[in-house]
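Q: Residue strings, one per chain:
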Amino acid sequence: MSTINIKEGTPLKAKIPEGDLAKKWTTYKDKIRLVSPANKRKLDIIVVGTGLAGASAAASLAELGYNVKAFAFQDSPRRAHSIAAQGGINASKNYQNDGDSDWRLFYDTIKGGDYRGREANTYRLAEVSGNIIDQAVMQGVPFARDYGGLLDNRSFGGVLVSRTFYAKGQTGQQLLLGAYSALNRQIARGKVEMYNRHEMIDLVVINGHARGIIARNLVTGEIERHSAHAVVLASGGYSNAYFLSTNAMGSNATAAWRAHRKGAYFANPAFVQIHPTCIPRSSEHQSKLTLMSESLRNDGRIWVPKKLEDAKALREGRLKPTDIPEEDRDYYLERRYPAFGNLVPRDVASRAAKERCDAGFGVNKTGEAVFLDFATAIERYGKEQAHLKGIKNPSKKLITELGEKVIEQKYGNLFQMYEKITDDNPYKTPMMIYPANHYTMGGLWVDYDLQSNLPGLFVIGEANFSDHGANRLGASALMQGLADGYFVLPYTIGDYLADYIREGKVPTDTPEFDEAEAKVKEEIDFFINNNGKHSVDYFHKKLGKIMWDKVGLSRNAEGLQKAIKEIQELRTQFWKDVRVPGRADELNPELEKAGYVADFLELGELLALDALNRNESCGGHFREEYQTEDGEALRDDKNYAYVAAWEYPAKPYERYTKHVNMSDAILHKEPLIFEFVKPTTRSYK
Amino acid sequence: MKLNLKIWRQPGPNAKGRMVNYQIDGVESDMSFLEMLDLLNENLIAKGEEPVAFDHDCREGICGMCSLFINGEAHGPDRLTTTCQLHMRKFKDGDTIVIEPWRANAFPVIKDLVVDRSALDRIQQAGGYISVNTSGRPVDANTIPIPKKNADMAFDAATCIGCGACVATCKNASAMLFVSAKVAQYALLPQGRIEAAKRVQDMVAAMDAEGFGSCTNTGACEVQCPKGISLTNIAILNKEFLLAQSK
Numbered sequence: 117m118s119t120i121n122i123k124e125g126t127p128l129k130a131k132i133p134e135g136d137l138a139k140k141w142t143t144y145k146d147k148i149r150l151v152s153p154a155n156k157r158k159l160d161i162i163v164v165g166t167g168l169a170g171a172s173a174a175a176s177l178a179e180l181g182y183n184v185k186a187f188a189f190q191d192s193p194r195r196a197h198s199i200a201a202q203g204g205i206n207a208s209k210n211y212q213n214d215g216d217s218d219w220r221l222f223y224d225t226i227k228g229g230d231y232r233g234r235e236a237n238t239y240r241l242a243e244v245s246g247n248i249i250d251q252a253v254m255q256g257v258p259f260a261r262d263y264g265g266l267l268d269n270r271s272f273g274g275v276l277v278s279r280t281f282y283a284k285g286q287t288g289q290q291l292l293l294g295a296y297s298a299l300n301r302q303i304a305r306g307k308v309e310m311y312n313r314h315e316m317i318d319l320v321v322i323n324g325h326a327r328g329i330i331a332r333n334l335v336t337g338e339i340e341r342h343s344a345h346a347v348v349l350a351s352g353g354y355s356n357a358y359f360l361s362t363n364a365m366g367s368n369a370t371a372a373w374r375a376h377r378k379g380a381y382f383a384n385p386a387f388v389q390i391h392p393t394c395i396p397r398s399s400e401h402q403s404k405l406t407l408m409s410e411s412l413r414n415d416g417r418i419w420v421p422k423k424l425e426d427a428k429a430l431r432e433g434r435l436k437p438t439d440i441p442e443e444d445r446d447y448y449l450e451r452r453y454p455a456f457g458n459l460v461p462r463d464v465a466s467r468a469a470k471e472r473c474d475a476g477f478g479v480n481k482t483g484e485a486v487f488l489d490f491a492t493a494i495e496r497y498g499k500e501q502a503h504l505k506g507i508k509n510p511s512k513k514l515i516t517e518l519g520e521k522v523i524e525q526k527y528g529n530l531f532q533m534y535e536k537i538t539d540d541n542p543y544k545t546p547m548m549i550y551p552a553n554h555y556t557m558g559g560l561w562v563d564y565d566l567q568s569n570l571p572g573l574f575v576i577g578e579a580n581f582s583d584h585g586a587n588r589l590g591a592s593a594l595m596q597g598l599a600d601g602y603f604v605l606p607y608t609i610g611d612y613l614a615d616y617i618r619e620g621k622v623p624t625d626t627p628e629f630d631e632a633e634a635k636v637k638e639e640i641d642f643f644i645n646n647n648g649k650h651s652v653d654y655f656h657k658k659l660g661k662i663m664w665d666k667v668g669l670s671r672n673a674e675g676l677q678k679a680i681k682e683i684q685e686l687r688t689q690f691w692k693d694v695r696v697p698g699r700a701d702e703l704n705p706e707l708e709k710a711g712y713v714a715d716f717l718e719l720g721e722l723l724a725l726d727a728l729n730r731n732e733s734c735g736g737h738f739r740e741e742y743q744t745e746d747g748e749a750l751r752d753d754k755n756y757a758y759v760a761a762w763e764y765p766a767k768p769y770e771r772y773t774k775h776v777n778m779s780d781a782i783l784h785k786e787p788l789i790f791e792f793v794k795p796t797t798r799s800y801k
Numbered sequence: 012m013k014l015n016l017k018i019w020r021q022p023g024p025n026a027k028g029r030m031v032n033y034q035i036d037g038v039e040s041d042m043s044f045l046e047m048l049d050l051l052n053e054n055l056i057a058k059g060e061e062p063v064a065f066d067h068d069c070r071e072g073i074c075g076m077c078s079l080f081i082n083g084e085a086h087g088p089d090r091l092t093t094t095c096q097l098h099m100r101k102f103k104d105g106d107t108i109v110i111e112p113w114r115a116n117a118f119p120v121i122k123d124l125v126v127d128r129s130a131l132d133r134i135q136q137a138g139g140y141i142s143v144n145t146s147g148r149p150v151d152a153n154t155i156p157i158p159k160k161n162a163d164m165a166f167d168a169a170t171c172i173g174c175g176a177c178v179a180t181c182k183n184a185s186a187m188l189f190v191s192a193k194v195a196q197y198a199l200l201p202q203g204r205i206e207a208a209k210r211v212q213d214m215v216a217a218m219d220a221e222g223f224g225s226c227t228n229t230g231a232c233e234v235q236c237p238k239g240i241s242l243t244n245i246a247i248l249n250k251e252f253l254l255a256q257s258k
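As you go down the protein sequences, you meet chains Y and W in turn. For the first sequence, the numbering used here begins at 117 and goes up steadily by one. For the second sequence, the numbering used here begins at 12 and goes up steadily by one.
Simulated from the structure, these hints should not be mistaken for lab results. We put the beta carbon where it would ideally sit given N, CA and C, even for glycine. Certain hints may be false.
Pair by pair, the computed Cβ-Cβ distance ranges are [unchecked claim]:
#1 W:P88 to Y:E432: 30 to 40 Å
#2 Y:E340 to W:N25: 17 to 27 Å
#3 Y:P571 to W:M30: 48 to 58 Å
#4 Y:K436 to W:M30: 43 to 53 Å
#5 Y:S399 to W:R20: 40 to 50 Å
#6 Y:E628 to W:N144: 28 to 38 Å
#7 Y:R496 to W:D151: 51 to 61 Å
Using the sequences and the accompanying hints, generate a full structural model.
A: Here is the structure:
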């Protein structure tokens, strides 16, 4: 048991409407206030981030008539990291007649999240999921179709139906380009002002309300003031706190963290998702990890050798995987979880891989890899194709050829990517995979309206904490980003803005803007003039190592306490020793990174604190002290069925002048009330 | 391995640029090309020099942010590969590698290897969309059946990542392959037919206004495209354009 003193603040209320679960959203929408078309023209909204959530929100709000300013740190809104999502998007269409429904999608999601999500939000997500597919098809998003011209589906982990819509392994790309096209249309109409290569570096709060941002023009270095009646953060997750992750190099938590230090609570930071199927790390110089879509688990079988000596021989290159006979292979997911097999949820699959590798069965030179094998699927598809083509007694070679063609159609781009990175041909030899940081379920706290505790600040997509509990199911991130942006925020933000139709433009020549601008300039000047000994990456890599070793796949109180201490020390060293070359008034990627890492160094500590506070295992948060006899997560619903929302423990800009101890953060609890489902022990057996 | 790098350095948009030689040691064959540049930058920072600016983000070949003309080829010597997915095993110890930014009038240099590709966005804004608002009551997706062949072709066109390699490769710096990919995607789908004529004319006009060159059908763009966008799309664009003009 950990001995920490956490200061507790007032509990939070999520403004969840009364009534039947399936009717909440409809009833709520009928009652919230609307803003007339003429008044929408008088209201300004800032949207930070142009991924699925940000682009869909910016486009939809502009279509409604609001004046939108959208910000992206990349050179174009189309580059946001949603573009890299591979496998698919869930929707409860029940096109496959396999018993799917809004209720089942809701139930799978809340169960998959290990009962640490909010019922009402999750049901709403399931309820609007079908609309997303309809909207995307109207935009011309080219989803996969079957020969009858109708949409095709596949299956993802943690569910027993096929409800995932996809566009080969590029579903995120196609959905983002759909949202980007809608955004472009509004840019052309002049309803969205697009600021590319701009970064939000502070939130401006006036009389307790979010009323603008300070942004840095990344090309000229100019510090700009932007005001609005509401600010929407769609700035993604914080996986890069671990340095190595499947996120893009530029993915960062700065917008969210700067809002946090201005008063927005940060919820469940310890809930991070470590995805089971990523390409294992290979060298010290590795800059990022690459995901191999979960959809591969539809056809790929995960295994390690049964015998330790075989694993050793594989590691030393004395054996090839194809040398190991069927009876000496341990398909450990199929063995441990016969009902779901290779399609167990991500947290379960990741822990199982780590368990086998820790026991000495890892198959690559680092001992941190398991096989994902397509041989069985290639043979099955090959035989099916031969039968379809009327070929009697096909040779093994022909079966393999035909089967490989089917696999190529389904996953071609993923197989090509794997080969480019590893120089191995996955059609001929099994892929090697290992878990890696991929997604963060935690994020800024929001209520049912997706509004944070700071009025006027809305948070959507991965940047908020709300819908996935302690573990997100596959193909649900795209669903949530687009649900928030297209179908939730455009309604709920109106209810807030209805109070401000008479306010007029928010001025930027106020003391709040003055202070924010002066303070962020101070920080930039500090970095440029510090002239320390080490590059930003030096610190980022060190932080990543602490996070992965002690706050990663499995955690314990002792390790977490050590992590907190080490991060505090690293942060002190960072402020003393960081070196940022170049100038402030030019394109300066090192300066951008310095800001990100300064924020990750605080966020990392809060993440460890949250993990230490939560004396239970649930979803992606696995505390070694709390497990069942057969190594499954042991939840504590009596004491921890709550959202942990943390308040920043210092004044906004204090970190420049003194050491801020993140462990002094104040905990606000939002109790999770389960009215419609009864939390049970998750079983995928 | 040890490599000799010749890299374009240009402090700012209006500054004069030049090629600068660098030696780099300790490059491993499993490193990506950009990880090799990361290593170079770490070395430069340690020596108190300014690191080389280059665009990059996802590092998995899909965001389209990375660029680089490597030994005279967009995204380097490997086919169907972005620079971030190019690995150092394609090079040998002692090689000299010449690294330049995309060169085109429509892509001005911002700094070192970073160029401004916003012209591509402006072409998309001119018509690269289907004019539908987010609908509170959309029609069911399966009420629009689409022949699998068309859906697959539209998908192939839609996989363009907007990196600009086609423009950088083309001797005329034409953006035809880029524009045709979007025109073809929508032209192949029933949802996109309604605005097909206006779209193709508006997008071509925007392309011309941005100062991209004309297409002379050399096909170099298709060879260098990291996503294998087919020249067939240019044929579709030409057909759509002629049809639109004749109306």
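Q: A separate judgement is required for each hint: does it hold in the structure or not?
A: Cross-check of the supplied hints:
{"no.": "1", "hint": "W:P88 to Y:E432: 30 to 40 Å", "result": "holds (33 Å)"}
{"no.": "2", "hint": "Y:E340 to W:N25: 17 to 27 Å", "result": "holds (21 Å)"}
{"no.": "3", "hint": "Y:P571 to W:M30: 48 to 58 Å", "result": "holds (55 Å)"}
{"no.": "4", "hint": "Y:K436 to W:M30: 43 to 53 Å", "result": "holds (45 Å)"}
{"no.": "5", "hint": "Y:S399 to W:R20: 40 to 50 Å", "result": "violated (27 Å)"}
{"no.": "6", "hint": "Y:E628 to W:N144: 28 to 38 Å", "result": "holds (35 Å)"}
{"no.": "7", "hint": "Y:R496 to W:D151: 51 to 61 Å", "result": "violated (33 Å)"}
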